[in-house]
Amino acid sequence: MRNISVFVNDKKIRTEVPISQTLLDFLRSNGITSVKRGCESGECGACAVLIDDEPRASCITLTLQADGKEIKTVEALSTRQDLSELQKRFIEVGAIQCGYCTPALLLLAGHYLNTAVSPLEKDLREAISGVLCRCTGYVKPVEAIKKEIRLD
Amino acid sequence: MSGSKDYRIVGKVTPRVDGEKLARGKGAFSDDIEFRELLHAKVLRSPHPHARILSIDTSNAKALRGVHAVLTHEDLPRVPHTTAGQGWPEPSPYDAFVLDNKVRFVGDRVAAVAAETPGIAAKACSLIDVDYETLEAVFDPEKASKPGAIVIHDEEDSSGIYDKSSNIASHLEASFGDVEKAFKDAYKIFEKHYEVGYVQQSSIEPHICITWLDEDERLVIRSSTQVPFHVRRIVANVLQLPVKKIRVIKPRVGGGFGGKQEILNEELCGALTLATGKAVRFWMTREEELYASRTRHPQKLFFKTAVSEDGKILAMDVRVIENTGAYGTHALTVMTVTGNKIFSMYNIPNIKFSGEAVYTNLPVAGAFRGYGTPQGIFALESHIDEIADELGIDQIEFRLKNIYHEGDRIPITGEMAEGEGSDAQLIRSSGLEECIKRGAKAIGWGISREPTAAGRSRGIGIAINTQGSGIPNVDMAACSIKMNEDGSFNLLCGATDIGTGSDTALAQIAAEALSIPVDNILVYSSDTDMTPFDTGAYASSTTYISGAAVLDAAKKVKSQIMDVAGEMLEVEKEHLVCSDSKVSTQEGKIVTYEQICLYSLYQHNQFQIMAVGNNVSPESPPPYSAVFADVEVDDDTGQIRLLKLVAAVDCGVAINPQMAEGQVEGAITQGMGYALSEFMPFDKNGNPLFKSFRDYNIFRSSDMPEIEVILVETYEPTGPYGAKAVAEVPISGPAPAIANAVSNAVRARVRSLPITPEKIWKILKNK
Amino acid sequence: MGLTKLTDYYRPKKLTEATRLLKENDGFFPIGGGTWLIPYGGSEVKGIVDLSESGIKEIRLEETSMYIGASTTLNDLLTAPETSSHPYEFIRETIISEGSTRLINSASTVGGRIALGRGDSSFLAGLIAVDATVILFGKMSEDVTLWDYLNNSELQNEKHIISGIEISTPTNIHSVIFESISYIPSSPPLISLALYLTFSVNLIDSVRIVLSSIGEKLIRLEEAEAMLLGKELDDKLIKSVSGLAVKIVDPAFDPKGSSEYKKAMAGVLIERVLNKIKDNRGGS
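Protein chains in written order, with my numbering: chain A, 547 to 698; chain B, 10 to 776; chain C, 5 to 288.
It is worth saying that the hints were derived from the structure and are not from the lab.
Hints may contain errors.
Stated by the list, open to error - Simulated crosslink set (DSS-like; lysine-lysine; CA at most 30 angstroms straight-line):
#, chain 1, residue 1, chain 2, residue 2
1, C, Lys163, C, Lys235
2, B, Lys653, C, Lys280
3, B, Lys774, C, Lys61
4, B, Lys768, C, Lys251
5, B, Lys565, B, Lys491
Generate the whole structure from the sequences, applying the supplied hints.
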């Protein structure tokens, strides 16, 4: 066991964790249900989180690797009252089907929108390519994200 | 004829009723709840493709700290059953056991452990000592059905197997007309064979269930399933519990695609709960998903077709050899659908179909979106293109010359069907011709396009196909609608939303019929204690079958509302008008739904406004699709790049056009994977070689070509608000459309899936 | 399966500290992002030394070379301005071709890729083609090329920490030319080729031909390189070189592509790339 201190969606958590625990297990055992288990080898991306604003597959990250860092999950996108614009777009265009990969897609899309230097659809598709979706064919998720691209 | 324009809610884009909770990532799925003292299940799986278990020593595993139970075949009642979640009595052979003294493929269950952590459970599995007598294994269905082959199901107590000694799980034959005579009289005869292999459903949420005993000692099963009521019935049977002792809860499901139309771990998980008295969680890893859950049936299809000089198909003889793997789950019915759909496209006067589903020592095939159709349609639509090319007729013209039209009956559907069968389906609505026309225009049929680079060739291909809308006289749906005093309604349905959006579509149907906004419908699906029965989410049945049940319930509830309103307004109910959550007289006197419900619950002649709706359909109207592919092939390497895919689909009136498009987009993407990237290879001992998404490649966002989806609206008179099914029909088109486009581009006909660079290269090299 | 014996984790700030931990403890492994070790490591892993904060995350473009620190992630390289244009765009192209996802690449590091040394790494193939050198911490005495490092198991067993790589800026007009074949864009290549070739006047004065996804290790076609060296590039030579490649390449079993196909494709891709170079010279 090892002591850690992390910020999860701006909330500080100090606790003791097993050395071999993955960040996915840590977050889910702390009530963060948006982070999903899909393949446990990083390939499906359903477990995506942001660590210090970088997308990471939490199933192949040790909790200890995130010690001292800021973790963001989809819970941070909205308030209890309001959804983010991107979440609203996803609902509005029908980008959600089973919803299992939705939180991961939203996180990576949000990261892309915040950091994108290119509005090209090719780059957008590349940015979310780490998340597998078996339901939508990515058509409506891409449509939703494109509608949120604002280039200054 | 009416259509979506006549409705207030149906046919209009309506946001999903569950959209917000999913966008927030709320804990809606099976694995998202917490338990005290939850145990974790792990299965020890066979390393051998075929072996008898001589003995199992579990003492070391049981002695490990944190292990609560270790089960082997010696601990459980031996009940032959099928894992297929189908109507009762199931048409699949009873050839499976929760645990058995024999293993029949690499990955078959040997023993199960429940322990305090997944790690301890895995460690315990490694401590189980099994003495195997390895047996000869057979992997090729053609060899498996030859005399002298080792018998895979040699147990005495299995039943429903067509011919155990020949490893033939199921056998099927159908014909009409005079095929032999037609071949004699034919202008030309074409004989070709096609082959499709193993692919896996790959829902992103793997199979997961959690079982526990409630305070009344009833077994509760929280499972990611498409078939909660079949789970209850089959688990009761194999664990020898009364049905009343079991409750199945289906929370949100993270995709099913047929893989969860199966009782795959609920019985074993339940057995561990019964053994320990504790809550047990059974999670299938991705690796297990990829070789130890369920797959699509591989098939070899042999076609012989006779045509006349003017391009009419006179006769078609199709023989199918289907590999069902180690168990015969869905073996017969998948093959039935293969034959059924092959012969539902073209008006051929003389046909013959025969098929055999054969056991092998490979992973178990089961239900997968399309259910036999993608196999049959890949072969049929490749074959049709080959004939058209050979005859020198445009591929579209040849198809139009031979297809069934509105008003035709499809004789094969009366010959081959599940359950008691049905009459030959009458085509009451068909948008197929329009799908072809509009799709052709969108892809630019007949316009030659330049390749995007030198050294490549470009081609366009078409494929058309059909599916059903539920299983006639078999699929049954029920629901209840209950009125609340604010004018909202609880819709409790057995229908199982697995991500398809059926909760939303059913809410729309109810809202339309009840003249209320969709957000006044509170949908709950599904829980065997709370919701009425439904056979489940499969066979494209939900909108058509369950939707009609909802319409039935809504009409009954509305009639009750009108009765109460008539009493309140002192007017005969025939003279009342209902709209916008209120009922009014011709003179303009109004009572609101709120007032009506308060009146009925608290004031006079009190009763609960509520009704149960039911539906079984004697018909299964065919939806249609026409898929067009624009591809480019590298002349030297055979590498294929998809440039564009167009899918035009007739699903009747789309209850929710946006969700219907979503179904098409998802289905064609799976179809593209079937065409180009998905397959499951094995070594010579039947070991699976692909165990992760790094090797088993499903389409990523960066793989998608340009997609154009066209919904061609028709009105199906037997469907709720004119609807037919949509979920499955688009999956079958991409593979043959791409094969046809490749052939069009480089004159290389690939007759097996997936279509790989190497297969193309080989054909080009040998030219 | 699984890190069942993992009992220690360190994230040192200094490479000397990391080196000490690795040398003093059996069963300690370094990680960059851990994208391989965490899902696929087994009971041999007793401790992890996380190098992500050891001060070797850096991309530095100098006058005639580029330095890439070992903790630089593949995603850093994909988004760095330094790799957006000639002559370093091959770095992006080779990384994307590998079929590893953007999400994994945001944790996978250059050092990790080198340490794994897999035969299906197009990225490493590209680096080998430009004679990238590996910088080993605490072993400053000599530069070792990536190719030599990957083929020197003795040196690898000395467990030096890879602190970075250095690439001499490609000087020809094509830089590294990269070609690959795959089922679909995101799937790992069936075969890929990284080729770097320079001329002195009309004669080839240096050439590297590196193939990936042929076997467990990357393949350099040294015989074919020798055949090209000092010659003028003409059709006949191109044919002989590609013919030689077909002959000497010996692909391992791969369910996605037969040995026969991969051999033939080695020839096709080499011929294609050499023709491209020849045609461009003819035109310029």
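Worksheet item: Going back to the hint list, which numbers does this structure go against?
Response: Of the numbered hints, 1, 3 do not hold.
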